[in-house]
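Model the placement of chain A on the given structure of chain P, informed by the hints.
The chain contents come next:
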Amino acid sequence: MAEERWRTLMIAAQDGDASAYRRLLLELGPWLRSYYARRLPAAMVDDLAQEVLLTVHAKRHTYDPTKPFGPWIAVIARYKWIDRLRAMKDSLNDELEDEIAAPDNGEAAHCAYTLDALMSRLKPAQANAIRLVKIEGLSVKEAAARLGQTIALVKVNIHRGLRQLSELAQAEHHEF
Amino acid sequence: MNFELLVDRLADDLEPVRPRRLWVDVGIMVLVAAVELALLFAVGFANLDLHRLETQPTVGWRLVSLGLISAVAGYTAIRSFDPTYSAKRPVRWLAAIVALCLLGGLFLGDVPGGVTTLLRRLEWTDGIHCALRITLLSMPPLVGLVLLGCRGAPTDMRRSRLLVGLAAAAWGAFSFVFSCPFNDPLFIITWYGLGCATTVLLARWVLPRLACW
Chain P
12 MAEERWRTLM
22 IAAQDGDASA
32 YRRLLLELGP
42 WLRSYYARRL
52 PAAMVDDLAQ
62 EVLLTVHAKR
72 HTYDPTKPFG
82 PWIAVIARYK
92 WIDRLRAMKD
102 SLNDELEDEI
112 AAPDNGEAAH
122 CAYTLDALMS
132 RLKPAQANAI
142 RLVKIEGLSV
152 KEAAARLGQT
162 IALVKVNIHR
172 GLRQLSELAQ
182 AEHHEF
Chain A
95 MNFELLVDRL
105 ADDLEPVRPR
115 RLWVDVGIMV
125 LVAAVELALL
135 FAVGFANLDL
145 HRLETQPTVG
155 WRLVSLGLIS
165 AVAGYTAIRS
175 FDPTYSAKRP
185 VRWLAAIVAL
195 CLLGGLFLGD
205 VPGGVTTLLR
215 RLEWTDGIHC
225 ALRITLLSMP
235 PLVGLVLLGC
245 RGAPTDMRRS
255 RLLVGLAAAA
265 WGAFSFVFSC
275 PFNDPLFIIT
285 WYGLGCATTV
295 LLARWVLPRL
305 ACW
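Top to bottom, those sequences are chains P and A. So the first sequence is residues 12 to 187, counted in the numbering used here. So the second sequence is residues 95 to 307, counted in the numbering used here.
Next up, chain A with everything else stripped away, as it sits in the complex:
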């Protein structure tokens, strides 16, 4: 097509647009996450039992770790939808945060030991249910972030999809903590890890297909 003709067509097609605002996108995601959590409490899937904080030492660790990862990854993911933003350094910070959170699990006491009990500790039937629920619970934030990604213009798709996946997965796991009765760090790292990895892989597959521009 002739260059001038294209310019004319685009100018004729012009309509006012509202520039993308970071705080609006962050607000939308906070709302999505809050509504999801409120619904889980409303239907009885989750319950806020403060007594569990004393009897299950991993509850606090899980809530703080997953909440922190979700918040940092979510905020960085939204920022990465700005074409001029580079998420290189924040991703390194996030990797350090994830590593610290995992290390934190090692210092939690009251864990059954011994290699022979390893398989019993994993409780794979419950574990698979746990991983599946985490993946399902991560869907609302995943959909929200992918839609925001489609509206934005991510230029570093590799990092954007990782951040989207991590944020959604961590939020799914965070929501699941309120209904999870297990307290063994091995069980948690294994099955929470599987559920989160599934969401990360899903984001890796979905985001480039929908948010490519």
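Just chain P, with the same shape it has in the complex:
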């Protein structure tokens, strides 16, 4: 149904009917978004859908009015998708430049390193409980299930572990 309507609109667009063309492009938008939503990360979907509209505009004379419209738009969408995948693959092979504009994560990295060092000095049961609940955000119940401990034991391990971490951190601070 839609395909036959799109075909009629495309033929009118080839004749220069702007309102038919506008309607066609607006109807193609949701179809393209849904096509790419199953194939690409969400952030790229809208961008590529717009790119296809630009391609449809530039290559509209390659549509043969005697043939169905569906295969034509599908092959263009597919071609652009493969093109994008190829570009993504190429960008994975890009060499790192010496100077990259990026936020300074030194402080966060230093904190993560210090925390890791302190956690390694806790008992494994305490460190695991803290990591799952306080860092990864699991509930106490989920952590208990994963660690094979009772809920009460997980709570005790977290409590004692945090207290020991605090003491270790203060001791480190005094050493410096």
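If a hint is listed, it holds; no wrong ones were tucked in.
Covered stretches of chain A (chain P as the covering partner; in silico rule of three or more C-beta atoms under 8 Å from a C-beta of chain P):
#1 97–104
#2 107–115
#3 172–178
#4 244–252
Think of the hints as simulated: they come from the structure by calculation, not from any bench. In this text, a Cβ means the ideal position worked out from N, Cα and C, and glycines have one as well.
Relative to the frame of chain P, chain A by itself:
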């Protein structure tokens, strides 16, 4: 950019277009090829000596083989500029045609034999001239096909560039037959092959850069 805004801009920019027609593109290429051949005859580079058909048995083989390859590859190349067309099967057919044409050369008699005469048979100085001329003669159809490729929307660039290269190269070699005095199949396959390979490589490099969309 906002989606609706883009649609508005594209609709405002809309102008009537004439849909691409296969027979028009084929007609353009036939015209380019015919004009090139007519010019070669007009300036005396080529001559139609029917006597050569009797004295040089490879002339007929060359004309039929190269004409056939050029026609099939050219037609398929033009069709491959349609985004919905798949040239997978025609390329297989074309490979079979090329193989048959090459095999046809084996059955041509009156060929000097012996390994010792191999280097002499190749006549490399004449051969390089021959390969260079074939490459030059294939330029008009190559340019024509690349321009048609830019106007079309080829989706299988690997096959399109192969077909464009083969069609142009075969036509360049076909045109050259009318002025080529050599009759040895080894010489022909080697140097015609080199000239054609150069054009195919050129098409392989040029087409994706110009006809990419």
